[in-house]
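Q: Protein sequence lines correspond, in order, to chains A and B.
For the first sequence, position 80 (counting from the first letter as 1) is numbered 80 according to the numbering used here, and the numbering increases by one without interruption.
For the second sequence, position 112 (counting from the first letter as 1) is numbered 112 according to the numbering used here, and the numbering increases by one without interruption.
Treat the hints loosely; a few may be bogus.
Here are the simulated BS3-like pairs of lysine-lysine, each with C-alpha atoms no more than 25 Å apart in a straight line [said to hold, decoys possible]:
#, chain 1, residue 1, chain 2, residue 2
1, A, Lys71, B, Lys44
2, B, Lys62, B, Lys51
3, A, Lys5, B, Lys44
4, B, Lys51, B, Lys71
5, B, Lys44, B, Lys62
6, A, Lys68, B, Lys44
Source of the hints: derived by calculation from the structure; they are not laboratory data.
From a predicted model like this one, the values you see are computed outputs, not experimental measurements.
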Amino acid sequence: DQQVKQNSPSLSVQEGRISILNCDYTNSMFDYFLWYKKYPAEGPTFLISISSIKDKNEDGRFTVFLNKSAKHLSLHIVPSQPGDSAVYFCAASDRVDMRFGAGTRLTVKP
Amino acid sequence: NAGVMQNPRHLVRRRGQEARLRCSPMKGHSHVYWYRQLPEEGLKFMVYLQKENIIDESGMPKERFSAEFPKEGPSILRIQQVVRGDSAAYFCASSPGRNEQFFGPGTRLTVL
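Extracted from the complex, chain B is given alone in its bound form (with noise of 0.2 Å):
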């Protein structure tokens, strides 16, 4: 049973660009969380998501930041318009139930 795939694992892109992350969470689980990790800070909540549903999502940027997870496909988390400020390591996680998350090896976006 594959883990918690994440990729790209490194992304580069020039301000103005936009970036897509994608996530496909372990076989079975059908909860999505996204969390953005800032240089020397911690883990923060972004979004939650179900199969084509956001439950939760207190932590995006109201601005520029999406996510979707689709009823086929990995979950996307969309960054329009970059800015450098947005360079951080994105991690997704996937729960089978709202307890235990097992979370994927990250996404580091670099914006230039």
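The following block holds chain A by itself, in its conformation from the complex (with noise of 0.2 Å):
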């Protein structure tokens, strides 16, 4: 029962273009949700988040919004770099559970 689903397990893009990864939820009573980053052989950190009483936060080149009645996240990373390159994981949260998306391989090329 996946309850967060990340379609694209991967994407491609330019050095300096946006780069958008997307995430749906089926849980309508998950309202807090995150964004993860993770290179080989490292645990997950903590890369943005929102609340569901927001649809947008922003934390420098990264964007995630929420829209709530498609029940759909996605993150923005305008522009992307070389170092933007890892699997990013979309988490929800209804405060008693967490549950994680499949991933994304993100590769930007110089």
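Build the complex: two chains, separate frames, hints provided.
A: What follows is the structure in structure tokens.
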């Protein structure tokens, strides 16, 4: 039962362009959403989050958008840099449980 | 403030042996989570524990797997009678509450 889905297993973009990573969820009780970034052989690290009372949260080059009616969130990275190449996990929490998506592998080409 | 510690980083076991994975949460964190990442797959939730309590074990296989978070000491994920399909990276995360989780570096288990 996948409550959080990242339908694109991989994404490749050119350096300097925008990267858009998408995430869909099914549980309407989720009210807090997070993005994690993971490099090989390391644990995931927190990147950015958004509460359900907002529809946008920005932190430097990273912006997360939340569309509650569509149960969809996205992470925008602009401009993309080669160091952003990693696997990005979307996570959703209902204050009781947190569930992760399967991840999207982002490759930023120089 | 040290981050989440996991040991060992790499563990090799033969089929039928036991694997014990340890996780020391960040100081002040009373919530611990275990996740498994199979090759080419995402993070799969296994279990959520607070001190001396299992809160949610809905992601744990029904047999051979167990977890504990004692009053003193690290959280332990125990896999009995390991099989090749148990080979994966096991990540522990801790949090002070129910929001952001801080992950450890993971333990890579290889079953021969």
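Q: For each hint, tell me whether it holds in the structure or not.
A: A quick look at each hint next to the structure:
1. Lys71/A <-> Lys44/B: holds, 21 Å
2. Lys62/B <-> Lys51/B: With a Cα-Cα distance of about 22 Å, the restraint between Lys62/B and Lys51/B holds, given a limit of 25 Å.
3. Lys5/A <-> Lys44/B: Status holds; Cα separation ~12 Å.
4. Lys51/B <-> Lys71/B: Distance of about 6 Å is within 25 Å: holds.
5. Lys44/B <-> Lys62/B: Holds, because 15 Å separates the two Cα atoms, which is no more than 25 Å.
6. Lys68/A <-> Lys44/B: holds, 24 Å
Violated hints are absent here; each numbered hint is respected by the structure.
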